[in-house]
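Use these hints to put chain P onto chain E, whose structure you have.
For the record, the sequence lines run as chains E and P.
Quick note: the first sequence uses full-length UniProt numbering, first residue 1, plus one each step.
Quick note: the second sequence uses full-length UniProt numbering, first residue 1, plus one each step.
Derived from the structure by calculation, the hints contain no laboratory data.
Treat the hints with care, since some could be wrong.
Because identical chains share one entry, a pair is satisfied inside a single copy or across any pair of copies.
As the list claims (entries may be wrong) - Simulated pairs of lysine to any residue, SDA-like, Cα-Cα distance not exceeding 20 Å:
(1) Lys-85 to Glu-42
(2) Lys-70 to Ala-53
(3) Lys-70 to Val-86
(4) Lys-70 to Arg-248
(5) Lys-118 to Gly-142
(6) Lys-118 to Pro-145
(7) Lys-203 to Thr-234
(8) Lys-118 to Val-148
(9) Lys-167 to Pro-117
(10) Lys-85 to Gly-43
(11) Lys-85 to Gly-100
Please read these numbers as outputs of a predicted model, since none were measured by experiment.
Protein chains: 2
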Amino acid sequence: MCELLGMSANVPTDIVFSFTGLMQRGGGTGPHRDGWGIGFYEGRGLRLFQDPAASVESEVARLVQRYPIKSETVIGHIRQANVGKVCLSNTHPFVRELWGRNWCFAHNGQLAGFEPPKGFYTPVGDTDSEAAFCNLLNRVRGAFPEAVMAEILLPVLIQACFEYRQKGVFNCLLSDGDWLFSFCSTKLAHITRRAPFGPARLKDADLQVDFQAETTPNDVVTVIATEPLTDNETWNIFQPGDWILWRRGEIVAQGRT
Amino acid sequence: MCELLGMSANVPTDIVFSFTGLMQRGGGTGPHRDGWGIGFYEGRGLRLFQDPAASVESEVARLVQRYPIKSETVIGHIRQANVGKVCLSNTHPFVRELWGRNWCFAHNGQLAGFEPPKGFYTPVGDTDSEAAFCNLLNRVRGAFPEAVMAEILLPVLIQACFEYRQKGVFNCLLSDGDWLFSFCSTKLAHITRRAPFGPARLKDADLQVDFQAETTPNDVVTVIATEPLTDNETWNIFQPGDWILWRRGEIVAQGRT
Numbered sequence: 001m002c003e004l005l006g007m008s009a010n011v012p013t014d015i016v017f018s019f020t021g022l023m024q025r026g027g028g029t030g031p032h033r034d035g036w037g038i039g040f041y042e043g044r045g046l047r048l049f050q051d052p053a054a055s056v057e058s059e060v061a062r063l064v065q066r067y068p069i070k071s072e073t074v075i076g077h078i079r080q081a082n083v084g085k086v087c088l089s090n091t092h093p094f095v096r097e098l099w100g101r102n103w104c105f106a107h108n109g110q111l112a113g114f115e116p117p118k119g120f121y122t123p124v125g126d127t128d129s130e131a132a133f134c135n136l137l138n139r140v141r142g143a144f145p146e147a148v149m150a151e152i153l154l155p156v157l158i159q160a161c162f163e164y165r166q167k168g169v170f171n172c173l174l175s176d177g178d179w180l181f182s183f184c185s186t187k188l189a190h191i192t193r194r195a196p197f198g199p200a201r202l203k204d205a206d207l208q209v210d211f212q213a214e215t216t217p218n219d220v221v222t223v224i225a226t227e228p229l230t231d232n233e234t235w236n237i238f239q240p241g242d243w244i245l246w247r248r249g250e251i252v253a254q255g256r257t
Numbered sequence: 001m002c003e004l005l006g007m008s009a010n011v012p013t014d015i016v017f018s019f020t021g022l023m024q025r026g027g028g029t030g031p032h033r034d035g036w037g038i039g040f041y042e043g044r045g046l047r048l049f050q051d052p053a054a055s056v057e058s059e060v061a062r063l064v065q066r067y068p069i070k071s072e073t074v075i076g077h078i079r080q081a082n083v084g085k086v087c088l089s090n091t092h093p094f095v096r097e098l099w100g101r102n103w104c105f106a107h108n109g110q111l112a113g114f115e116p117p118k119g120f121y122t123p124v125g126d127t128d129s130e131a132a133f134c135n136l137l138n139r140v141r142g143a144f145p146e147a148v149m150a151e152i153l154l155p156v157l158i159q160a161c162f163e164y165r166q167k168g169v170f171n172c173l174l175s176d177g178d179w180l181f182s183f184c185s186t187k188l189a190h191i192t193r194r195a196p197f198g199p200a201r202l203k204d205a206d207l208q209v210d211f212q213a214e215t216t217p218n219d220v221v222t223v224i225a226t227e228p229l230t231d232n233e234t235w236n237i238f239q240p241g242d243w244i245l246w247r248r249g250e251i252v253a254q255g256r257t
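Bound conformation, chain E alone (with noise of 0.2 Å):
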């Protein structure tokens, strides 16, 4: 099993207090000793930093956390592979052109006897997760030559979700930079952080941060994590198959598969 790492903000928001807990599960308190990825979206743009190195051991990841990179929406991975090699190619967060636009996606579960159509997009790497992320893409296009608003969009992820849930554990989140997408086939759970903001203490290490002194008033920061990453806060624990449709922090569609 993997552990997923996602943000939706309305502000930039420098996503390091988190990154730094979740790190921490890869080799440290945790047993995903195999790679990490993350992903930040900077306008249109997307930063892209990943090391099949465990996440304790990586040089990457240490950049990572001297160097506040805001973003307005994040996805990251940590990895203990179950199908595929440990190397680069098999590494989450996978990266997707589609309508002019950075598609990002990471998945934490298994499928068993995942064999999809071939498809437009092609995997690289030997992983069930790109596996499916291509074939979700494919549908898209398939539904959806040309581009569409994420809200008409949802019957098409829902319906794929439900159909990768029947083959194993799938967990995702799936972006394009304007909105997230998140999938709950057995753990998630998020968090919304807005005014009155006050302090939050890392469960992985020991690392408290007062959000009170590092946003505004109007901040909305919404977390999402396999696991809850603080231990002094009430996160919100998706049930098997809810999906959450996220904008700029703020829930803007929700349901359960």
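The following block gives chain P in isolation, referenced to the frame of chain E:
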């Protein structure tokens, strides 16, 4: 105008020496302050570092210089913007997946009145360079729906470069990780280092390296750059219209259009 840097080698090779020289031109000894990027192939995976900030001031560039990533194929670029604003989505190199491989592209020059037909690959940013890359991949995909060897692909690449060159300046580097294609419209140089290796001294920084100490007798390492990066070696200067296809540091095909 921008500067290109490419490497093709028969063993995973550290490009820090050449990268250090190039980075000095990003706001130091050269005027290319509008971002930089470098992609390193690692197997079928591609490790991409980019920054819209000037390379001499870039924290990410310092990481790349400190952290010797070894690769057989590298494409780098520093930018002096002429078309498109300075932002991450306009920063080279550009990447797309085709036939389950990561294709990476960087361009030096500009194209006037370049409005290619819409196709499957769509630019994310607003540079003529990314538009040309997308058009090139649309042509390749149109001609060859399934993967073919680079040698079979060459006529499509050369014809496309020939046409782009009619519209302005088009020096470029393109790779799928297995081969590296270089095209010169106005300015490009290359050098192949092999045994017996000697010392090399950067033109743009006070740095000398003794490749003898860094290599084995079987290593073959080709570096391609807009202008020679060292001042004590003899570089080969491309003539306008020259193209070369490289694999593992060696020329596998070349010609002039």
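Verification of the supplied hints:
1. Lys-85 to Glu-42: So Lys-85 and Glu-42 pass the 20 Å test across copies only (14 Å; inside, 30 Å).
2. Lys-70 to Ala-53: Result: close only across copies, 14 Å inter versus 24 Å intra.
3. Lys-70 to Val-86: This pair counts as between: shortest inter-copy Cα distance 17 Å, intra-copy 29 Å.
4. Lys-70 to Arg-248: Classified as within; 14 Å inside a copy, 39 Å across copies.
5. Lys-118 to Gly-142: both (12 Å within a copy, 17 Å between copies)
6. Lys-118 to Pro-145: both (17 Å within a copy, 12 Å between copies)
7. Lys-203 to Thr-234: within (13 Å within a copy, 58 Å between copies)
8. Lys-118 to Val-148: Classified as between; 17 Å across copies, 23 Å inside a copy.
9. Lys-167 to Pro-117: within (15 Å within a copy, 40 Å between copies)
10. Lys-85 to Gly-43: between (33 Å within a copy, 12 Å between copies)
11. Lys-85 to Gly-100: Classified as between: cross-chain Cα gap 17 Å, same-chain 31 Å, threshold 20 Å.
Of the numbered hints listed earlier, not one is contradicted by the structure.
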